[in-house]
Amino acid sequence: MIVPGSITSLRVRLAAWLLLPLSAFVLVCGYLSWQHAVAVADYVQDRDLLASAKVLSDRLIWEDDNVRASVPPSALSLFVSPERDQVFLSVTDGSGMVLVGSPEFPPPPQLKLAGADRAQWYDTVFRGQPIRAVMTRRPMYDGGQERDINIFVGKTTRSHDRMVDSLWLPTVTYLVIALLLAVVLTVFALTRELRPLAWLNEQIAAQDPSRLEDFNIDTRRLHTELRPVADTVNSFARKLRAYGQGQRRFIADAAHQLRTPLALQASQLEFARMARQHERVDDMDAALRALQNSNRQLVDVTNKLLMLAQAEHSSNAPARLEPVDLAQCALRCVEHLAAQAELRRIDLGMNLPSVDSIIRVRAQPALLDALIANLLDNALRYTPEGGRVTVSVRGTEKQAELCVDDNGPGIPAESRERVFERFVRLSNDAEGTGLGLAIVREIARTLGAAVTLEANPDEVTGLRARVVFRA
82 MIVPGSITSL RVRLAAWLLL PLSAFVLVCG YLSWQHAVAV ADYVQDRDLL
132 ASAKVLSDRL IWEDDNVRAS VPPSALSLFV SPERDQVFLS VTDGSGMVLV
182 GSPEFPPPPQ LKLAGADRAQ WYDTVFRGQP IRAVMTRRPM YDGGQERDIN
232 IFVGKTTRSH DRMVDSLWLP TVTYLVIALL LAVVLTVFAL TRELRPLAWL
282 NEQIAAQDPS RLEDFNIDTR RLHTELRPVA DTVNSFARKL RAYGQGQRRF
332 IADAAHQLRT PLALQASQLE FARMARQHER VDDMDAALRA LQNSNRQLVD
382 VTNKLLMLAQ AEHSSNAPAR LEPVDLAQCA LRCVEHLAAQ AELRRIDLGM
432 NLPSVDSIIR VRAQPALLDA LIANLLDNAL RYTPEGGRVT VSVRGTEKQA
482 ELCVDDNGPG IPAESRERVF ERFVRLSNDA EGTGLGLAIV REIARTLGAA
532 VTLEANPDEV TGLRARVVFR A
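The numbers in the numbering used here rise by one with no breaks, and the one at position 215 of the sequence shown is 296.
Hint data in this document are derived by calculation from the structure and do not stem from the laboratory. Please read these numbers as outputs of a predicted model, since none were measured by experiment. A hint or two may mislead.
To be verified - In silico SDA-like pairs for lysine to any residue, Cα to Cα no more than 25 Å straight-line:
#: 1; residue 1: K320; residue 2: T267
#: 2; residue 1: K479; residue 2: G515
#: 3; residue 1: K135; residue 2: W98
#: 4; residue 1: K320; residue 2: T305
#: 5; residue 1: K320; residue 2: E306
#: 6; residue 1: K135; residue 2: V206
#: 7; residue 1: K135; residue 2: L192
#: 8; residue 1: K135; residue 2: L180
#: 9; residue 1: K320; residue 2: V310
#: 10; residue 1: K193; residue 2: G175
#: 11; residue 1: K135; residue 2: V253
#: 12; residue 1: K193; residue 2: T238
#: 13; residue 1: K479; residue 2: P446
#: 14; residue 1: K135; residue 2: V93
#: 15; residue 1: K135; residue 2: S176
#: 16; residue 1: K135; residue 2: L170
#: 17; residue 1: K135; residue 2: P190
#: 18; residue 1: K320; residue 2: F169
#: 19; residue 1: K479; residue 2: A447
#: 20; residue 1: K320; residue 2: D289
#: 21; residue 1: K193; residue 2: M178
#: 22; residue 1: K135; residue 2: P184
Full structure from sequences and hints, please.
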């Protein structure tokens with residue numbers, strides 16, 4: 082049996098879903114039509130047999146202690162059959178003695194006379210032929226005594242079968258013709274109506290993947306049901322185009338950021354080599370210190386780029402999130418950057434609801450550490466010497482909040498969204514790569530958190546970076 086779920090062709094699947102139920106309907110209708118035809122033929126045949134038996138019963142007379150029957154032409158006309166059926170008659174008394182007709186006519190297996198006619202129909206075999214028979218009983222009086230007489234009439238079933246065929250075969254023929262016509266129309270309709278799918282496929286195949294800016298699928302010739310598919314493909318192409326442009330911009334910016342320290346290192350190496358040739362020790366030491374500083378910047382940029390790439394490609398991070406103590410993680414980052422804060426004489430502190438506070442969020446420990454460390458590093462870089470940087474952690478049943486406050490110059494409100502872009506720096510007064518806040522936003526998005534920048538409400542100047550997590 083063909084099962085629609087095991088077929089890969091859309092045309093065949095649609096045809097199967099339509100034609101299989103229709104075929105089952107034709108089969109059921111054919112069977113019901115046959116049953117109805119059999120019932121009608123049985124009724125007609127049984128009425129004919131009973132009529133013949135009643136006519137014969139009316140013609141029974143006693144004559145010299147014997148029963149005689151005269152069959153009139155009206156009764157004989159009931160026995161006429163174009164299929165040349167054979168008719169058998171038999172009359173017996175109550176003891177089973179044959180009075181008139183065919184001897185050994187088979188009686189019903191169980192006697193169950195019913196109705197006003199005291200009749201019983203049954204199927205049997207007589208002289209090697211299947212017949213339909215009726216038995217009826219009537220009383221007769223002989224010398225003032227009542228005697229029951231049994232009358233049997235049987236007829237072969239050729240005319241009955243012919244009537245069944247004539248009743249149900251035309252109906253089945255019409256149903257089969259209708260089914261075949263449905264098959265033809267279905268194949269034609271599916272072939273015609275699925276052409277837009279082929280046209281859609283041709284459009285997609287004709288697009289140049291290297292020119293996503295020109296990618297567009299024309300939906301005018303598509304059915305209403307197919308237009309959302311084309312719109313989704315066009316939307317996906319636009320997202321790919323934006324993603325590709327972002328990647329190209331990122332590569333260009335990264336190359337620019339890496340090119341400067343590499344070129345500087347080449348110049349410093351050449352200067353150090355010349356200082357060594359001329360035995361200028363002080364110049365050589367200065368060149369090596371500058372080279373070390375340039376190398377540190379290069380390592381910093383490279384690490385930030387790797388961290389940003391990791392944050393962007395953590396697409397399956399939600400499946401690997403685990404409960405993490407936000408307060409403990411923040412404390413660990415504060416301890417790690419305490420030396421950097423002390424070097425610049427910055428007061429780095431932390432506020433918790435209580436000493437033993439445990440505020441759990443779902444995160445990846447490494448990514449959460451990177452998010453907090455970048456926020457702290459950004460605050461320490463732009464806070465002047467003698468300033469303050471404070472980390473605060475608060476939590477409720479529904480969410481947890483991390484705030485990093487500083488009293489540096491802050492960021493104008495109109496520029497707070499732009500600083501999350503890669504390599505964007507509003508000031509060159511402090512060293513930096515312009516990647517820290519971009520990394521923070523990507524990690525926050527990966528962890529299902531939200532990061533915002535606002536003015537520090539506790540200082541005249543400064544910035545508050547707030548990250549809200551789901552508890």
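### Query
Which earlier hints can't be squared with this structure?
Numbers 1, 2, 3, 11, 14, 18 - these are the hints that the structure violates, sorted from lowest upward.
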